[in-house]
Amino acid sequence: MRTRDSEPLLQVEQLKKYFPVQAGLLRRVVNQVRAVDGVSLQIASGKTVGLVGESGCGKSTLGRTILQLQKPTAGNVFIAGREITGMPHAELKACRRDMQIIFQDPYASLSPRRTVAQIIREPLDVHHIGSPSERRRRVAELLEVVGLRPQILNRYPHEFSGGQRQRIGIARALAPRPKFIVADEPVSALDVSVQSQVLNLIAELKRDFGIAFLFISHDLAVIQHVSETVAVMYLGRLVEEASAEDIYRSPKHPYTEALLSAIPVPDPKRKSSRIILGGDVPSPAHPPSGCPFHPRCPAAMDVCSNVPPPRTDQGGPGRPHYVSCHLYSGAES
Amino acid sequence: MSEPPLPMAESRMSDGKEILLSVRDLAVEFATEQGVVRAVDGVSFDVHSGETIGLVGESGCGKTVTGLSILRLVPCPPGRIAAGRIEFKGQNLLEIDTGQMRDIRGSQISMIFQEPMTALNPVFTIGNQMVDVLRDHEKMTRRQARIAAIEMLDKVGIPDPAVRVDDYPHQLSGGMRQRVMIAMALSCGPELLIADEPTTALDVTTQAQVLDQIVSLQEEFQMAVILITHDLGVVAEVCSRAIVMYCGSVVESGSIEPLFEQPRHPYTAGLLDSIPRIRDKQIGELPVIQGMVPDLLQLPAGCRFADRCDRASGVCVESRPQLDPGAAGQTAVACFDPIDAQQ
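Which chain is which? The protein sequence lines are A and B, in order.
Throughout the first sequence, residue numbering follows our numbering, covering 1 to 333 in sequence.
Throughout the second sequence, residue numbering follows our numbering, covering 334 to 676 in sequence.
These aren't lab readings, by the way, just hints derived from the structure by calculation.
Beta carbons: idealized from backbone N, C-alpha and C, even for Gly.
Be aware that a few hints might be false.
Calculated pairs, SDA-like style, for lysine to any residue (alpha carbon to alpha carbon, straight line, at most 25 Å) [unchecked claim]:
| hint | chain 1 | residue 1 | chain 2 | residue 2 |
| --- | --- | --- | --- | --- |
| 1 | A | K269 | B | K350 |
| 2 | A | K93 | A | P132 |
| 3 | A | K269 | B | A660 |
| 4 | A | K16 | A | E54 |
| 5 | B | K614 | A | G210 |
| 6 | A | K269 | B | Q555 |
| 7 | B | K614 | A | K16 |
| 8 | A | K269 | B | E594 |
| 9 | B | K488 | A | P295 |
| 10 | B | K350 | A | K16 |
Pulled a few chain A residues facing chain B out of the computed Cβ check, cut under 10 Å [as the list claims (entries may be wrong)]:
| hint | residue |
| --- | --- |
| 11 | P268 |
| 12 | I275 |
| 13 | L277 |
One chain only, chain A, in its complex shape:
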């Protein structure tokens, strides 16, 4: 199953997703919401990219647009070397068994009228994988993988707790043996003591099955635990991207620094030196000119409000550390 490490399993190039804003009787398009505005990304087999950002930054839309659950406005997505953007419907459907999604809300993402067995089997039915007896065997095997007892096969989702439901959702995503999974805030709805159980499970799956993950979360602490690479998103763009080690040890973008310092730490001695950002995230329908972060940035210079910062590599040889910020672009202040 493994592809060579040098050839990324998932390649995203300049992906854009704009939503039209309509107004008036004729529903004329008066504006565009730039939810995803030119994102490029690579994920190798068995690796995880953690995508972090605040609500409304476009991280979920990016995940869905990569999976072609939403039609991109522009840009290309390749999975295992094949371009899936613009693919005819039938061909795309066949490709879908390679890419799955785990949703945030384990209450809303499982049909209340289906049994656990039916839920987990569904992708196998849709993609005509295996005979009925093989499908049954596969479902039993998946339950064991995600740590659920086989006796629960004929029970319904409402009988389970949030953590167990999330395990069912994970089993369903694993059913067609995907190569790539988008995990969209998979632990945000769970309690802390259950969160770590599910995070450990995801780390284990990545190791055992060599699946590539795009792990979306607003929580940098959760991201650190599962990711090799971390990408920070703000208003539809990636502002920083580096190995997990580098991003936590030496964050470069002022937004990443603020995000890291805003996390409440369970240690009363560390009465923090928090960077408190002013204002709110601007609306993606009216993004600020220049660098989208400049109105809230403690280090903003004159150039920031006029010129969008270029993406530069601030890392050493062999360990890229991309930043889009004028502090590193060599611009005059």
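Starting from the known structure of chain A, fit chain B onto it as the hints suggest.
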């Protein structure tokens, strides 16, 4: 006022500080189709004037119900305060009539909720809603109330308060709505604010802003705050004491330094370990608390944490531990075999 002193687990901690609120043996039950559930079972704690106390636990542990009980806002039916006393400035809130309770709500004790959008009325401007609260409790003309409302919005850090006062809730961002809720809750200068997960629905950067605001307002108004949250990080940042709840009862309580540095209850220790936090290096596997919270309909006879606890022995399964005050500088803990510093 002349109530005899109650047996208090934490009475020695009240030396020199005035007890504002005292909850004793509170029990709250809910009637469900499957039977009666005791969501809160024998909870006791004190809140001193001007302090910030954290009420921590996972979903279903009874922390919100405890908060609602103080204001007698538990929906009845199906809920019912089955036992206990809630004394606010010496007066048992469970015995006064509804009119008196109404006067206390919003003026002496206020509450803010997790989801500001559902707590605000969408069809009235925020100014309108704030004026209502003010005029309900204080003798004021509409004009005076409006000026007071604008002043309050300014205090909580709303830009352009004189303009924003005429906005509807949907015109504001999540962080701004929570600020409006705080402004509304504080407009009558309460002595106690109950904040139920006030920052859970907000982004981290907004959460930092709002927490900062609560801390500075708490100092300015000299009020006590009960912060209900699942996030131990938030507790460590803003509280001086905390109460940890599990399955309807208090398992550990005390000042935050010993609580976070030398937790004595295995549940508190497990919870602290399992929080995903930023570490210097990635670690192989996050520590976890095995299993899950028991069903409130089928609670075990003994310690409710026993089946998830790796220190549990025979006695833990047979009987329920009571909250023991512990030595000076230690936390109070309800456990037969607390973790001690020597181990």
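Of the hints stated earlier, which fail here? 7, 10
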